[in-house]
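S.K.: Given next are the chains, with one letter for each unit.
There are 4 protein chains.
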Amino acid sequence: MPNKHTIGHFIDGELISGGERAQDVYNPATGAVERRVALADKTTVEAAIASAHRAFPAWRNTPPLKRARVMSKLKQLLEQHAEHICQLITNEHGKVLSDAMGELQRGIENVEYASYAPELLKGEHSRNVGPAIDSWSEFQPLGVAAGITPFNFPAMVPLWMWPLAVACGNTFVLKPSERDPSSTLFIAQLAFEAGLPPGVLNVVNGDKEAVDTLLSDPRVQAVSFVGSTPVAEYVYATGSAHGKRVQALGGAKNHAVVMPDADIGNAVNALMGAAFGSCGERCMAVPLMVAVGDATAEAVIAGLKAQIATMKVGPGTAAGVDMGPLVTRQHFDKVSGYVAQGVSEGALLLVDGRGVAVEPGCEDGYYLGPCLFDHVKPGMKIYQEEIFGPVLGVVRVQTLQQAMDLIDAHEYGNGTCIFTRDGEAARYFSDHIQVGMVGINVPLPVPVAYHSFGGWKRSLFGDLGAYGPDGVRFYTRRKTITQRWPASGVQEKAVFNFPSNQ
Amino acid sequence: MPNKHTIGHFIDGELISGGERAQDVYNPATGAVERRVALADKTTVEAAIASAHRAFPAWRNTPPLKRARVMSKLKQLLEQHAEHICQLITNEHGKVLSDAMGELQRGIENVEYASYAPELLKGEHSRNVGPAIDSWSEFQPLGVAAGITPFNFPAMVPLWMWPLAVACGNTFVLKPSERDPSSTLFIAQLAFEAGLPPGVLNVVNGDKEAVDTLLSDPRVQAVSFVGSTPVAEYVYATGSAHGKRVQALGGAKNHAVVMPDADIGNAVNALMGAAFGSCGERCMAVPLMVAVGDATAEAVIAGLKAQIATMKVGPGTAAGVDMGPLVTRQHFDKVSGYVAQGVSEGALLLVDGRGVAVEPGCEDGYYLGPCLFDHVKPGMKIYQEEIFGPVLGVVRVQTLQQAMDLIDAHEYGNGTCIFTRDGEAARYFSDHIQVGMVGINVPLPVPVAYHSFGGWKRSLFGDLGAYGPDGVRFYTRRKTITQRWPASGVQEKAVFNFPSNQ
Amino acid sequence: MPNKHTIGHFIDGELISGGERAQDVYNPATGAVERRVALADKTTVEAAIASAHRAFPAWRNTPPLKRARVMSKLKQLLEQHAEHICQLITNEHGKVLSDAMGELQRGIENVEYASYAPELLKGEHSRNVGPAIDSWSEFQPLGVAAGITPFNFPAMVPLWMWPLAVACGNTFVLKPSERDPSSTLFIAQLAFEAGLPPGVLNVVNGDKEAVDTLLSDPRVQAVSFVGSTPVAEYVYATGSAHGKRVQALGGAKNHAVVMPDADIGNAVNALMGAAFGSCGERCMAVPLMVAVGDATAEAVIAGLKAQIATMKVGPGTAAGVDMGPLVTRQHFDKVSGYVAQGVSEGALLLVDGRGVAVEPGCEDGYYLGPCLFDHVKPGMKIYQEEIFGPVLGVVRVQTLQQAMDLIDAHEYGNGTCIFTRDGEAARYFSDHIQVGMVGINVPLPVPVAYHSFGGWKRSLFGDLGAYGPDGVRFYTRRKTITQRWPASGVQEKAVFNFPSNQ
Amino acid sequence: MPNKHTIGHFIDGELISGGERAQDVYNPATGAVERRVALADKTTVEAAIASAHRAFPAWRNTPPLKRARVMSKLKQLLEQHAEHICQLITNEHGKVLSDAMGELQRGIENVEYASYAPELLKGEHSRNVGPAIDSWSEFQPLGVAAGITPFNFPAMVPLWMWPLAVACGNTFVLKPSERDPSSTLFIAQLAFEAGLPPGVLNVVNGDKEAVDTLLSDPRVQAVSFVGSTPVAEYVYATGSAHGKRVQALGGAKNHAVVMPDADIGNAVNALMGAAFGSCGERCMAVPLMVAVGDATAEAVIAGLKAQIATMKVGPGTAAGVDMGPLVTRQHFDKVSGYVAQGVSEGALLLVDGRGVAVEPGCEDGYYLGPCLFDHVKPGMKIYQEEIFGPVLGVVRVQTLQQAMDLIDAHEYGNGTCIFTRDGEAARYFSDHIQVGMVGINVPLPVPVAYHSFGGWKRSLFGDLGAYGPDGVRFYTRRKTITQRWPASGVQEKAVFNFPSNQ
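Protein chains in written order, with my numbering: chain A, 1 to 502; chain B, 1 to 502; chain C, 1 to 502; chain D, 1 to 502.
Derived by calculation from the structure, the hints in this document are not laboratory data.
Misleading hints may appear alongside valid ones.
Same chains, same label: a pair holds when it works inside one copy or across any pair of copies.
[As the list claims (entries may be wrong)] Derived lysine-lysine pairs resembling DSBU-like cross-links, with alpha carbons at most 30 angstroms apart:
1. 305 to 334
2. 66 to 312
3. 208 to 457
4. 42 to 457
5. 66 to 457
6. 377 to 208
7. 208 to 66
Please model the complete structure; the sequences and the hints are all you need to start from.
M.R.: What follows is the structure, given as structure tokens:
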């Protein structure tokens, strides 16, 4: 496919090619190859790191207000170019355009938060920690930070990372997903239009060679990762062993609990979007519904079946389409395999989305219709593993405590939610559940940009979450200064003891 | 030495023995074996972890105010028993009694800070993150946390860790140094007298077997470590690979810069304490003085020599003694070896503390007098490595920038200080130096308990410092809750798009 | 009554008499005069102010940690002397001993919060607000602050004020209620035992002459007041006109809303304590219950009547007594008059506490039994005015919105609460109600010491609430420092334009 | 002058006329009447208040993020229209264009800070303040707020107030100075273009009648004022007496201390701008230089005289002009009178700016050249009173302490600064001086927008400063919610005691 344009890298303020290897980028709606993407070799990644390293001293000395203003300007440019960015997302990822817009808006909110940098970087000042001794803390940038991001949110997840990192005074090397690199790269170019100096943000497309270079180069101080749990674990262990600070966000299997007193209509609507939006390719998707009581299960299932029947599957650019294709042929095969597995494990397949009909011209797209299982049980693979597809399983329990025990026993602890009208149930659930992000009648409790994103258990490796206040802390190093000025003419004796504030 | 008392462990609120192995504990002032300490085997450590694990659910549900009040009460008890605790410290560590008291006071300040828990644990609340949607964050305890602490501050460093951890709602397993375990164990018992329920704090004495058990047991959620850099690195990599959050504080080689305009008398006094206090066995000690200008070097050296001449070395319990013995025979040999090495590397040994005379009865103690080198240079082992003894080296440079380049090139970045009267020099130094704790005319810039302790570069592995605000963040997990109540009679449609706050 | 002891003042660390006037202090349980209290004249108050003024410079220079430690020590002393303090309270105020203990505990919590001073006084530090320009804020003490406190919480309300004020570095003059001065004065003396230097806290007993002196003396920088709304308004206007910062907390008429879905049994229990505890002499008492729906009204009334029938009224020191006497004969007459007024206004008096029988020896005490009105309506005096007695009125409405409209139309906005199980009702109520302190199934939503107390509308004059974070802000002045050091050899040109951070 | 355009008001989203009275607006560079401005009568102001009152409920329910985004958009529009705004400022105020730009930039920074609203409005959340009881605080808007602003910063000072007030959810009525109303009104219109709904911001031009209406109308909850101290005092007392929260910023007489070790060249440059920029019509101007030592005085005076000799005075729109005219004929006469007064009081007039020559066409402008006095002494009117003109007085002292005593004895405490290289002098000065805003080698220490502006003593009435964190607190009311959900089947007994957290 020699005529296809090959996407390169963005290093030192310039678009460049780099690396001898490249791979195809597909349109999942049609299965056609749209373009190719270069895969950076070690030398190319090192050039990006070197650029970031050179840019750091001047950028860290730039007042936070000025850095923040680049983010304000970027926000404007993202709003201006939103339609084009969403086209790029849908073209390579497959999600429907309005969903791409939702993703982009969330990303813009993170840029907005980064523009608060002067407020966010305030340290703590204490006069008289001892007689005539003052002390204060500062949050200084680290140097070069790196981000490695997944295919499912090519605009949003990178925007969780580098805007805040650079607003804090760091410089950055981003390695986005090689499946859908175009929107990410376009946004990076906008950042330079907004005023980012060359080298402050670099983008390298690539695969494991690029990742390993970032994880081992001593100039890289910090690594943020979002992806699957096995890779997150590898990134965390490898980066940590190289002395870097690492935050690695992994997989999820989010349970939605529906209580008997819930507003069933709202719960059904919420679940439809949470289970099938973006084909379930979200780490905050809801692939499991835990019904408390069989009557609850029946009511919710009836509602889901009715709504599924009206869903429209097709290319993300078509009007009225609710759900687009899966991201790749391989992923389509994998998700389809889970559906078969669920049946053979004994779950009851109420709605089978395999073989969904699509419009002419899309026969080679990676379409899987919504699938609904009842009687899913712990121990089944479709219960334990992250499917990342439009497959919703219903689990039946008799009490809230049983629902909570299930959730707490699962290896993942990213998000969860409860549908209820009852204050006590909501409070008990949110207090005790071993999950980092909890929704009360909110199906996708993704924290807003001025709070932080972070799962518990094997959904996050590291001690600080992504973006928000945790992001600021992750991208800065605390420095504490203790100051005393010698009073003229006053001379102290040597003190051999450990100084306390007596 | 069969008659000696053997110190055991403190598990589930009871003093117990445990493990078949034990080793001697010496009085460094005399070289005599004072008692023995049991070395916990894996089973014993697991019993401690199990106790902490059982105690967690009730303790995390105890209101923070009540947990904080145990800390207030402990503070009172520590003040009441201060003299006894300092006797235990000096008896096993060797430092002079007044220095032990300084250490204990700093530890008490950390207990005091932990007693602020209700204030420290406040989360962030946002009304209307979207229409009628609220969101807030909480800082919930992790579960079982572990601490591994060094010999040089047997009272203070444990008190950096577990009081804050338990005030945050965690339960704890502490493995203190097996060299000087008595004061640590005594303090733990006071915590129970203050009201800590059984299992909330457990102490196991031990060695690598105990450490490895703590690093690998899945019930342990977090590990705080203070010790040498190679072990810190091992602890960080091993604990991280087991999915725990880890903060590992390692070695140091703190440089004090003396500027030509400094108040030389004060600088000399400050350096005497910082270099020779507690025999230099502090990670915030100052083993290197960088003089800017030869005149500065001469003036400071003259002052140091005069003061060294008046120093009294002897047992830490004797009146008027400025410096006690080193902690062990092995460490004495190691430090003495560095002195010889310095001479052979070409540094000029101005004062030789080897063979220092001590009072009768102390001939077998591990005494090394103060040593002073001039013309120490980068590349020499006595410049590069952490000696942890009473050895001060003078490095000569001509400009502040040269001094700063030296510091930034060193692998450690724990503490540093500058002596000057000039605001601009102090500001430039504190802004740009690649060190986590900076003193301006303060030789040991250990942050007060309500700020946080943390070095940079290879002095700290992890992203959060010890105690203070960073300690609170380390010992808690962020949970973010997003809440919306369905309005009666209002029904929303399914939304397949990613929710943004539009 | 010439033989009675006369209580004086506490000035400059000494108990002194002062002023020629004095008045009787009664035991409301018996009506007997227990002692007399001196009423300070202007000269005496000025002596107290002068003492505080002299003590200020040294105290503001004392490190916050040391100031905080006096508060820790005071907390211990208060706990040790709790029983004696409660005896003093009950003897002069009349409330039952266990209620006095509740009051004192809340006061101790405020002392505890004041002991967090080093954390609470942290300012904000910003490096590089412009190129090489730093800026930070500090919260410095004001100087002499004054407090004027009411009879109903002689221990707690003073402890809302001066511990935090002095922990922030101020010195203080307290004028407590002349009705029950003994516990207040005793606690002040404990503060000196805890380590407060002379002059840092002064207590003057007195009346309007003392108040006016405090409001007009130019050395007094700030005044905190708690009392009735007319006096609060006078204090606020007078103090403000003299250029002081003033916070003046006034009256209340707190409504409790009971929803049809509430747990009626719990609501009844909660209302009993909130309406009749301490004879209703609390600004957070609940004198009005708003039932949503007649069935709710009937159910709650039935429960209240049953419980009232079992209540025991008598001297606060007697075992098993639920409610003691009112504070004075005059107040007894005033509250009794409100009961008569309610009947004549057409409200239905279901339970009449007038003429309640008490044990022998107490016939001259100021006892009024619990009173319960149904069909209380806006416009009635017993609806509009603060009665401050054991009189609960039931108002009937049909919807939550009607209940909220009533509350919002009332001149006071101190506290309110709602009893419900429904998350949406609770959220709507707490978001929109024009009241400063809101309880959800909590009848007396007095914020804990680490939050702040403050009503809205005519319940508070000023912009900052009492104690907690608002208290810290009230008792400190912000100072903002902007710092730049001239770089040697670099000379800037004059700039006539207003400096912006460009 | 019937043909001149008359500027009206901006109410409910519309430009309207209102009130029968009007007055002339002059161009101070020429003395010509440029236009007229309507003076609102009571009815007109009440219409503005009513509009704000109507707009409040919907605006307070608008999520903070959306309100913040209007501020982001406004920032863009201000940048786009900056040149036009500065023309309006210079045309009516007289300051040079580049100075108008400096003012506008500072104003834009306040708009920027207001755009951080989602971060700034976070409340504090506490889980388990008691067993299963949670509590949190919120910062809710007040309702209608009002601002009254002075002539000297027609763009900046209004932007200190209303952007933050409306970002916090309030609606606003602004009464700007009637001397230079055009830029203020233009900016208000931009706010609507940016998306502010009608009624959220209203502007009324007027005089005392308008002010008094704002101070007494019960719908106005809060008033921010900037102006002279006598009016500030009136506004504070009157507004407070009507139960409003008020912050009233008054006059200043800022002293700059020059130490013998200062960089004299930089100090002179700094003083030139601080004394003569904007003709000294700034509350942060430096009209007094306190020289420590006569040699310092001589050196600074020599520098000042040399620079004054090169200053160019003329219309603010002309190229190369350093200083424009005073704002009005009356003010010109008043300032000129102070110069004569200084001479008669015995101060030495080194440079006399009276009768300064200006370019043709400007003969009727209000020009006064720079004036420099030596030997100014406390007690002289030119020392005590705020001149608000281009008059710099030199005071000579021998020690830093004498300089500080002078400053502390003055009735104003707005700003001050010290020029020195010495850390100890700077620290001692900034810690102890009784002034709210302190510069260290910074002549105009106006805090940046993310800190707060506020003088001490008679420069500010109220307890919270303008803009920044204090501004957020001023424009919000704390609401504290305490929540407990009844556990099904668990019934508590009535508790008559005051609830403590035991």
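S.K.: Now tell me, hint by hint, if it's right for this structure.
M.R.: To see whether the hints hold, each was checked on the structure:
1. 305 to 334: For residue 305 and residue 334, the Cα distance is within 30 angstroms only inside one copy (24 angstroms; across copies 68 angstroms).
2. 66 to 312: Neither way: residue 66 and residue 312 sit 47 angstroms apart in one copy and 32 angstroms across, limit 30 angstroms.
3. 208 to 457: For residue 208 and residue 457, both the intra-copy (25 angstroms) and inter-copy (27 angstroms) Cα distances are at most 30 angstroms.
4. 42 to 457: Cα proximity of residue 42 and residue 457: across copies only (25 angstroms, versus 33 angstroms in one copy).
5. 66 to 457: between (38 angstroms within a copy, 28 angstroms between copies)
6. 377 to 208: neither (36 angstroms within a copy, 42 angstroms between copies)
7. 208 to 66: For residue 208 and residue 66, the Cα distance exceeds 30 angstroms both inside one copy (35 angstroms) and across copies (41 angstroms).
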